[in-house]
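Asker: In case you want the letters, here they are:
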Amino acid sequence: MTVTTSSANKHQPAEPASGPLLEVKDLCVDYGFGDEAVHAVLDASLTLRHGEVFGLAGESGSGKSTLAYAISRLLRMPGVITGGEVTFRTPAGTVNLLNAGEAQLRDLRWTQLAVVVQSAMNALNPVMTIGTQLTDVLEAHRPGLNRTARRERAAGLLEMVGIAADRLGSYPHELSGGMRQRVMIAMALALEPQLMIMDEPTTALDVVTQREILEELTDLRERLGFAVLFITHDLSLLVEIADTIAVMYAGRLVESAPARELYSSPRHPYSYGLLHSFPGLHGPRERMTGIAGSPPDLRDLPSGCVFHPRCQYVMDRCRSSVPPLITPEADRRAGADRLVACWLHEPGALTPAELGRSES
Amino acid sequence: MPHKQPHKHMFQLPKSAKIRIGLVLALLFTLLAVIGPWLAPYNPNVSLSTTNPLPQPPSSHHWLGTTQVQQDVLSQLLVGGRSTILVSLIAGVIATFLAVGFGVAAGYYGGWLDDLLSMLANIFLVLPALPLLIVIFGFLSKSANPNDVLIGVVISITGWAFGARVLRAQTLSMRNRDYVTSARIIGERSWRIMAFEILPNLVPIVATSFLFTVIYGVGAYTALSFLGVISVAHWSWGTMLYWAQSAQAAQQVHIEWWWFLPPGLAVGLFGTSLALLNFGIDEFINPRLRAAGLSRRTARLAGLPRRVPLGLTPVAKSPAVSTSGQR
Amino acid sequence: MRLIVRRLTLYLLTAIVAITVNFFIPRLMPGNPVEAAIGHMQSQVTPATIKALDLQYGINTKVGLAGQYFHYWGQLFHGNLGISFSAYPATVTSVIRAALPWTIGLVGMATIISFVAGTLVGIAAAWRRGSWLDNVLPAMTFFQAAPYFFVAILMVALFATKLGWFPQNSGYDTTTLNPGLNWPFISDVIDHAILPALTIVVGSIAGWIIGMRNMMLTTMDEDYVLIAQAKGLSRRRVITYAARNAILPSVSGFSLAIGFVVSGSLLTEIVFSYPGIGYVLLQAIGSEDYPLLQGIFLVITFAVLAANLIADFVYSFLDPRTRQEA
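Residue numbers (numbering that gives the first Met the number 0), protein chains in the order written: chain A, 0 to 359; chain B, 0 to 326; chain C, 0 to 325.
For reference, chain A alone in the conformation it holds in the complex (with noise of 0.2 angstroms):
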C-alpha cells in the first residue's frame, strides 16, 4: 500500500520495512453462543501503521468499541470471538493476538498496547492514590526501577500532561473531570506503548476540555510517535486528527479512507450521510438531510447488506448480497488509499455523482 503524502498530515505514518502495526483480517464477535448468538462486529478489516492515527466512527450499537476491545482481548462476557486474524508487530516479532497465551498478552499489554476509556472517574481505582496507580505498571513491567525511580517517572508523567507533581498522593475523586482524564492518558503513555486504543476519550467532556486534551494528545503524539485507534461518534472530531477514518454500521465496516478524503468525497451512502448531518460553521447553509430510518436490530439484521433498508440508492442486488470491502477503480487508478462496501462502486456499476467524487 502506498503512503499517502496529504500536506495535510503533521505526522507521516511510517511504515518500516517490516510491515503495519496492526492488522485486523475478517474479524468476527459476537456476545452470547449458538442461537442466542448476536452478531455485533462481522468480518471487519483495517490495518493501522506505526504513529498513525486511526479513527473509528459509527453509531451506538455499530460495533466499534466492541472491534477496539475484541482486538486487545479485553471484550468482556458474553463477548466471543468467533472468526479472524488479528497481528499486531512488536519490537520483539510479530504477535497473534487471538492465539496469544495469558502470559504473552500480559508480556505485551501496556508495553505495546494501552487503553484510554470514556471515563476516567470509572477507569480510575476509587480507594488508590493516582501516584500508585501510575507506578503499578512501572513495577509490573519495569522490574529494574526502584521506587525512588518510580515516583519520579510517575511524577515525570503528570507533568507531561500538565498537572502538578504533588498530585501524586491524591485519590481519583479530588481530582476534577479533565485531570482525571489527563491522568488516563498519563497512565497509558507511562510504557511508551507503539499504541494507543482510545474509546471515546473525551465525550464525557465539555467542549473546551475536549479541544485542551485533544491538542494535548496531538503535542504527545509527535514528541512521542504512537499510533492511535480513536473510536467515536463524532465524525467531525476525526475529520480533524485523524489520518485514517474506517466508518462502522451495525457491525460491519462500510467505508474506510484518509481523512481529508473522507470528508470531501465519501463514497459510502452511509458515510454521505453522516457528513451531511451536521452543519459546518462555515460556508453557505444548507438543508440537513440526515438519514431515514434508525439503526436495526442487531438480532435481526437486514438481509444483504445491512444498509439496504436506510439507503436512498438500494438496488435489488444489495437486498439479497452482501457487498464485500472493495477499493473502487477510479480510486484504484489514482492510487488512493481507499475501501468501500457498497455496490454502486462495483465495476461497471452506475455510480451516483455525489458518490463518485475524486479529491481535487
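Hints in this document: simulated from the structure, not taken from any laboratory.
Source: prediction; values computed, not measured.
We put the CB at the ideal spot given by N, CA and C, even for glycine.
Mixed in with the good hints, there may be bad ones.
[To be verified] The calculated label-pair distances, taken between Cβ atoms and stated as ranges, are: (1) A:Glu285 x C:Arg1: 40 to 48 angstroms; (2) A:Ala91 x C:Ser186: 37 to 45 angstroms; (3) A:Pro301 x C:Arg5: 31 to 39 angstroms; (4) B:Val68 x C:Gln282: 49 to 57 angstroms; (5) C:Leu119 x A:Gly33: 47 to 55 angstroms; (6) A:His232 x C:Arg5: 37 to 45 angstroms; (7) C:Arg234 x B:Ser245: 32 to 40 angstroms; (8) B:Arg176 x A:His232: 21 to 29 angstroms; (9) C:Ser186 x B:Leu30: 25 to 33 angstroms.
Please build the complex by placing chains B and C on the supplied structure of chain A, with the hints as guidance.
Answerer: Frame of chain A; chains B and C shown alone:
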C-alpha cells in the same frame, strides 16, 4: 441487551434447581403449618408411660421416638410446627408492612420525616435484637401468656428496620424518575403515586425483604423458646430444643439424636427453603448473578473454556453459524 | 471524620434508647417484679434492699417518674446495674464482669476468623466463577438458616460425644486446673473453645462468603478492573484491586451482622455450658433475675455499639472518599 419477549421471560418457570427446591420445600412447610396438628398421633404434652426414665429411639409406635418423659416427638414436631411457622409468618407480614410504610414514606417525602425515620431505623438496626426481645418477653411472659399473634407482633418490632432502609434507598432513586415527576406535575396525590407508581416496581425487593424477615422471625422465635423466655408450655420447635438441651440429649453416651435432630432440621430446612427462594429473586433482580452464560455442552463444543477469566476474551475454535445465513 | 461523627451520634442515641427502654419495660408490664425478687431471695432481704428495689422499679415510691428516670441514669453512671436476685448479694456488675471476658474472647476470635475466611472464600468464588464453589453456596445457606445453637448441638453430638475429639462442656476443666497464665490452663481453654468457636464460624461464614462474592462480581464489571487487566498486571494484583473495593460493603455490613453474631454466640454458650454471658443469661431467665437480665441487655448493647464504632473507623480508613470534609 433487551430481551426479545420480555413478558415471556418474566413468567418463565425458574430454571435453576435451587429455586425449584426452595419452592417445593416452602409449599411443604405451608402445608405442615395448616394440617400438622391434625396429623399428630398423640398429644405432645402427655407422658405416655411413667416407668421409663430414658428417651426411646424411633419405633413403630413412635416414629420419631420419645422424650425423657415419654412424650411423642413426632407429635411435638407437628404441633410445634404450626406455632413456629405461624409466628414467623406473622412477624414477617407485620414487619414488611412497617418496612414498606416507613421506607417508602421516608424515601418519597424526604426532609425531616426522612431524617426522623432513618434515625429510627438505624437505631433499631444497631440495637441487638435478641437481647431486647429477651428483656421484653422476660417481663411479658410472667404476667401475660402471649399467644402466637402477640409473639409475632413483638418480634416484628425488631425486624422491620432492614427492609425499611433498603426500600427507602430504592424509593429515593425512583423519586426523580420521569414517570414519578410527571405524575406529580399532573397533580396526583402523594399516596396514590406511592401506591401505584413506586410500589409496583418495588415488588421484588418487598418479596425479598419479606422472606428475610420470616427467616429472621423463625430464628428469633426459636431462640426465645430455646432460652425458655417464652413459656415452655407453648409448643414450638424451639421449645423441643429447650427440653432436649436441658436433658443434655447430645451429651449422653447414647446420643438421643431423634430428639434434637428433627426440630433443628425443620428450622434449618424452613429457613433454607426461603433463602433459596430469595436466591431466585436476587438473580431476577440482578442478572449479573445468574449462572455464567455458557452451559457446559455449548462451551465444550466451541472449544471455549468453561470458566472465562477476566481480560481474556475467548476465541471460538469452531466457526460460528451466522444467523443471517450469509458471510 | 464526618462519617465517624454521624455514627457516634447514632450510637449515643441508641444507647439512650436502650437505657430508656430498660427503664420503662418493667413499668409497662403487669405484675410486680419486686415481689418476685423477694420470693427468690427470701431470708436475705433487708428493708433497705426492698426500698432500693422499689425505687429501681418504681413501686410504692413517692418519687415521680421523672425522678426515677434520673435516679436510674445516676446509678448507671456509677456503674451500678443493681443487685442480682439469683446471685444475691452479688451485684449485677460483678456477675457480668466475671463472665464477660469469656464471651469477648470467644466471640471476638470467632468473628475475626469467620470474617477473614468468609471474605477470602467469597473472593475465590467470584473469581473462579462457574467452579464447584458455586454449588457449595446453597448448601451453606442451610447452616446459615439453622440456628446457631442447633449447629452447636450437632457439633457436641458429633465431635465431642461421638468422636471424643473435644470436650463437651465448660470453658476449662474446673476440676483439675488452676486458672492463670500457665500453659496447661491456656491450652485447655483453647481446647474448650474450639467447638463453640467453630459453631459460630459455621453459622456466620455463609453470609460473608455470599456478600463478598456478590460484591466482587459487581466490582469485576467495573472499568478500573478491566484497565488493571489491560495494564498487564499479575492476576493477584488485579484481584486485590477489585477486592479492595468489594470489601467495603462487607465492612459496613459488619455493623449489622455483629448483633446477630453476638446473639447467636450467647445461645451457643448455653449448649456448651461455656462460662460466658450466655450461660449467665440462661440462669437469669430461669430464676427471673430481672436486674441481671436488664444488666446483660445493656452490656451487650454497649459492646455491640463499640464493635460498630471500630468497624466504622476501619471503613473510613479503607475508603478515602469518606475522609473528605464535605
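Asker: Now tell me if each hint is right for this structure.
Answerer: Hints, verified against the model:
1. A:Glu285 x C:Arg1: 40 to 48 angstroms: violated (56 angstroms)
2. A:Ala91 x C:Ser186: 37 to 45 angstroms: With a Cβ separation near 59 angstroms, Ala91 of chain A and Ser186 of chain C fall outside 37 to 45 angstroms, so the hint is violated.
3. A:Pro301 x C:Arg5: 31 to 39 angstroms: violated (57 angstroms)
4. B:Val68 x C:Gln282: 49 to 57 angstroms: violated (23 angstroms)
5. C:Leu119 x A:Gly33: 47 to 55 angstroms: At 35 angstroms between Cβs, range violated.
6. A:His232 x C:Arg5: 37 to 45 angstroms: holds (43 angstroms)
7. C:Arg234 x B:Ser245: 32 to 40 angstroms: violated (53 angstroms)
8. B:Arg176 x A:His232: 21 to 29 angstroms: Once the Cβ atoms are compared, 26 angstroms apart, the range 21 to 29 angstroms for His232 of chain A and Arg176 of chain B holds.
9. C:Ser186 x B:Leu30: 25 to 33 angstroms: violated (51 angstroms)
Against the hints set out earlier in the document, violations occur for numbers 1, 2, 3, 4, 5, 7, 9.
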